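One line per chain: the protein sequences are A and B, in this order. Everything in the first sequence is counted per the working numbering, starting at 2 for the first residue and increasing by one. Everything in the second sequence is counted per the working numbering, starting at 2 for the first residue and increasing by one.
These are calculated hints, taken from the structure and not from any lab test. Among these hints, one or two may not hold up.
A pair holds if it fits inside one copy or across any two, identical chains being indistinguishable in the list.
[Stated by the list, open to error] Distance condition first, Cα-Cα at most 25 Å in a straight line; then the derived SDA-like pairs of lysine to any residue:
(1) Lys271 / Ala285
(2) Lys271 / Ala66
(3) Lys271 / Pro261
(4) Lys271 / Thr143
(5) Lys64 / Val80
(6) Lys271 / Gly229
(7) Lys271 / Gly50
(8) Lys108 / Ala186
(9) Lys151 / Thr274
(10) Lys302 / Arg41
(11) Lys304 / Thr218
(12) Lys108 / Arg177
(13) Lys64 / Thr241
(14) Lys302 / Arg100
(15) Lys271 / Gly219
(16) Lys311 / Leu297
(17) Lys271 / Asn144
Quick caveat, the model's predicted, so the values are computed rather than measured.
There are 2 protein chains.
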Amino acid sequence: MNNRAVQVNRLPEPGPLAADTFTIVEQPLPPLNDGDLLMRVIYLSIDAGSRGQLDDRGDYVIKTAPGQVMSGSGAVGQVLESRHPRWKAGDYLATTVSRWSSVVRLKGDTPLLTRIDPKVAPLEAYLGILGMVGFTAWVGMTNIARASAKDCVLVSAAAGATGSAAGQFAKASGARVIGIAGGSAKCQWVEQELGFDQCIDYKSEDIAAAIAKHCPTGIDVYYDNVGGTIQQAAFDAMNTHGRLVLCGMVGQYSGEGEAPGPNLMAAIIKRLTLTGFLANDHIALFPEFQAIALDLYQQGKLKHQATVTKGIENIHEAINSLTSGKNTGKQLCQIGEVD
Amino acid sequence: MNNRAVQVNRLPEPGPLAADTFTIVEQPLPPLNDGDLLMRVIYLSIDAGSRGQLDDRGDYVIKTAPGQVMSGSGAVGQVLESRHPRWKAGDYLATTVSRWSSVVRLKGDTPLLTRIDPKVAPLEAYLGILGMVGFTAWVGMTNIARASAKDCVLVSAAAGATGSAAGQFAKASGARVIGIAGGSAKCQWVEQELGFDQCIDYKSEDIAAAIAKHCPTGIDVYYDNVGGTIQQAAFDAMNTHGRLVLCGMVGQYSGEGEAPGPNLMAAIIKRLTLTGFLANDHIALFPEFQAIALDLYQQGKLKHQATVTKGIENIHEAINSLTSGKNTGKQLCQIGEVD
């Protein structure tokens with residue numbers, strides 16, 4: 002059995018990734034030392050940062066140069082072979098870091114390496130609402146914005162992985178929750194499956210008017226995944242003492258440059274707090290999150306959905322699906338069989 | 002003795018106020034009821050909000066319509082007559098609200114009506130670093146930004162009332178403090194009199210280069226009084242986990258419209274917190290502030306300076322002095338004699 006790895010072939014221009022961005026290279030399996038395990042990867046997490054790794058900007062993610070193998074924020078898979086007492090062949094597990102290859106070697110005591118049970122939730126969910134993406138949503142909505150039953154919460158990219166999770170955690174806290182998503186199919190899913198109170202279709206509605214209609218008393222919490230004009234519309238509708246949680250600006254990850262942001266005078270007038278965060282800074286809370294999220298999931302209060310691109314050779318399409326907003330819920334790339 | 006009051010004559014166009022913006026009207030003295038006092042006003046506080054009261058924007062300040070008498074954020078004066086046991090004729094006092102007239106009637110138990118001692122500090126200081134302006138600086142720097150000896154702090158409008166106070170409170174906390182002000186005279190005053198570590202002259206220096214030179218490890222706290230291009234330069238130089246305190250954007254108060262703000266992607270990458278605040282929301286802390294500030298003042302750790310425009314009939318010039326940045330330290334209008 003050989004190992005197939007996703008190597009960067011050339012750095013891309015702005016816009017969608019071409020098929021020759023990556024080369025799939027065959028490598029020997031890594032040797033297994035005491036304390037290690039080999040995992041065959043079933044799903045890889047595809048994140049906004051995956052595109053960012055190929056751009057020359059900021060310090061948001063580690064850069065990956067041509068000739069290097071990509072890495073990402075998570076994978077689920079199954080133990081092939083173990084030399085660590087905690088793990089045995091056949092165990093399912095999730096990791097919050099992963100090299101992009103069909104087999105990865107992990108230390109058995111890697112922090113946040115988690116045993117998962119496909120009978121409790123589908124494997125995909127452990128990379129979505131029960132994984133780092135759910136954790137990111139929970140940290141922003143619960144710890145930073147402190148959303149409560151008193152609040153009207155607005156979430157952009159509400160059909161995306163983080164947004165769909167963020168809105169559900171806000172609903173679980175009792176808030177009124179309005180989503181923004183692109184297209185009626187996504188909006189219907191957000192309202193009917195996820196239980197948001199309303200979802201605004203930015204492709205067919207006037208965003209400012211729709212916000213005014215659905216949040217007539219204003220927005221207390223805005224969970225921003227997109228930046229740009231939607232951010233500006235939300236900013237304009239914030240209530241006094243509102244909280245803006247800045248989680249992502251997916252429209253900006255394709256290397257197409259930066260538009261200006263909102264004039265911050267309103268932040269004084271309305272005494273707003275804007276907080277940018279990265280979930281990794283809060284990683285000590287991950288076990289607390291996992292217990293809470295699994296409990297809510299089993300109560301039926303959290304739903305999971307993934308958009309799965311199949312085949313390691315199509316992984317550039319998985320990234321394009323995310324950056325172009327084609328995904329509903331968590332974007333994954335499936336590179337191994339589910340038993 | 003008649004009472005002279007500042008009545009709005011007409012709402013201004015954008016830009017400096019013309020002499021006919023206000024009319025000085027003669028009014029009878031208000032009757033003195035039990036529990037009241039009459040104060041002859043010596044100094045009136047002139048604030049950014051004074052200009053804002055005449056503009057049709059936001060809810061930052063109460064609007065004042067033509068025919069109405071202006072009010073402001075503070076005055077110091079002397080008791081003319083009292084029917085409240087706490088006060089007697091001749092007492093000096095400071096109030097955090099005031100009608101703009103030569104004599105005002107106050108309830109003797111008005112919250113934050115403070116007995117002041119011209120032997121401890123000049124009367125002007127009680128409207129500056131020992132008054133609401135000092136309080137605003139202290140709330141932002143101490144309670145919101147939590148500036149400490151570990152921080153490099155940048156303060157814009159460092160020769161202005163709030164900025165000069167904010168930087169001094171940061172110095173008192175042990176931080177390294179860099180100011181930004183306009184012109185070498187102001188910068189010299191900020192460095193030599195106020196004890197800032199450096200002051201950047203935005204009129205003759207490249208702001209970004211000067212920030213990089215004086216804060217080589219980046220900015221931890223930015224206390225923003227101006228918005229605009231200086232805000233952008235500060236934003237670009239912020240450290241990871243930096244705090245931006247948004248206190249004022251004096252360049253925007255003349256009704257000349259809003260420029261865009263910084264793109265907030267950097268707030269995610271650098272995990273910044275931006276907090277807009279108004280000191281009035283924190284007014285319960287005012288007595289605590291007064292004790293701390295008076296103590297620091299008596300230790301020589303706080304300096305006061307005011308720019309005083311003389312004469313109630315010149316009060317539009319006092320506002321213009323502030324909005325055009327001509328003032329050093331707190332802008333006041335003197336409308337009564339100091340004994």
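Cross-check of the supplied hints:
Taking the shortest Cα distances, Lys271 and Ala285 sit within 25 Å of each other only across copies (19 Å), while inside one copy they are farther apart (33 Å). Taking CA atoms no more than 25 Å apart as the test, Lys271 paired with Ala66 passes between copies only; the shortest distance there is 23 Å, against 44 Å inside one copy. In this assembly of identical chains, the alpha carbons of Lys271 and Pro261 lie at most 25 Å apart whether taken from the same copy (20 Å) or from different copies (17 Å). Taking the closest pair of Cα atoms, Lys271 and Thr143 come within 25 Å of each other both inside a single copy (22 Å) and across two copies (20 Å).
Proximity of Lys64 to Val80 under the C-alpha cut-off of 25 Å is found in neither arrangement, the shortest distances being 29 Å within a copy and 69 Å between copies. When the C-alpha separation of Lys271 and Gly229 is checked against a cutoff of 25 Å, the pair qualifies both within a copy, at 20 Å, and between copies, at 18 Å. Within a single copy, Lys271 and Gly50 get their C-alpha atoms only as close as 32 Å, which misses the 25 Å cut-off; across copies the closest is 15 Å, which meets it. Proximity of Lys108 and Ala186 under a CA criterion of 25 Å is satisfied in neither setting, with 42 Å inside one chain copy and 63 Å between copies.
In this assembly of identical chains, the alpha carbons of Lys151 and Thr274 lie at most 25 Å apart whether taken from the same copy (17 Å) or from different copies (23 Å). For the identical chains of this complex, Lys302 and Arg41 are neighbours neither inside a copy (31 Å) nor across copies (65 Å), given an alpha-carbon limit of 25 Å. When the C-alpha separation of Lys304 and Thr218 is checked against a cutoff of 25 Å, the pair qualifies neither within a copy, at 28 Å, nor between copies, at 44 Å. With identical chains, the CA atoms of Lys108 and Arg177 are never at most 25 Å apart, being 43 Å at best within one copy and 44 Å at best between copies.
In this assembly of identical chains, Lys64 and Thr241 lie within 25 Å of each other by CA distance solely across copies; the values are 18 Å between and 39 Å within a copy. Proximity of Lys302 and Arg100 under a CA criterion of 25 Å is satisfied in neither setting, with 32 Å inside one chain copy and 56 Å between copies. Only within a single protomer do Lys271 and Gly219 lie at most 25 Å apart by alpha-carbon distance; the minimum there is 12 Å, versus 28 Å between protomers. For the identical chains of this complex, Lys311 and Leu297 are neighbours neither inside a copy (29 Å) nor across copies (67 Å), given an alpha-carbon limit of 25 Å.
Proximity of Lys271 and Asn144 under a CA criterion of 25 Å is satisfied in both settings, with 21 Å inside one chain copy and 18 Å between copies.
In this structure, the earlier hints numbered 5, 8, 10, 11, 12, 14 and 16 are contradicted, and the remaining ones agree with it.
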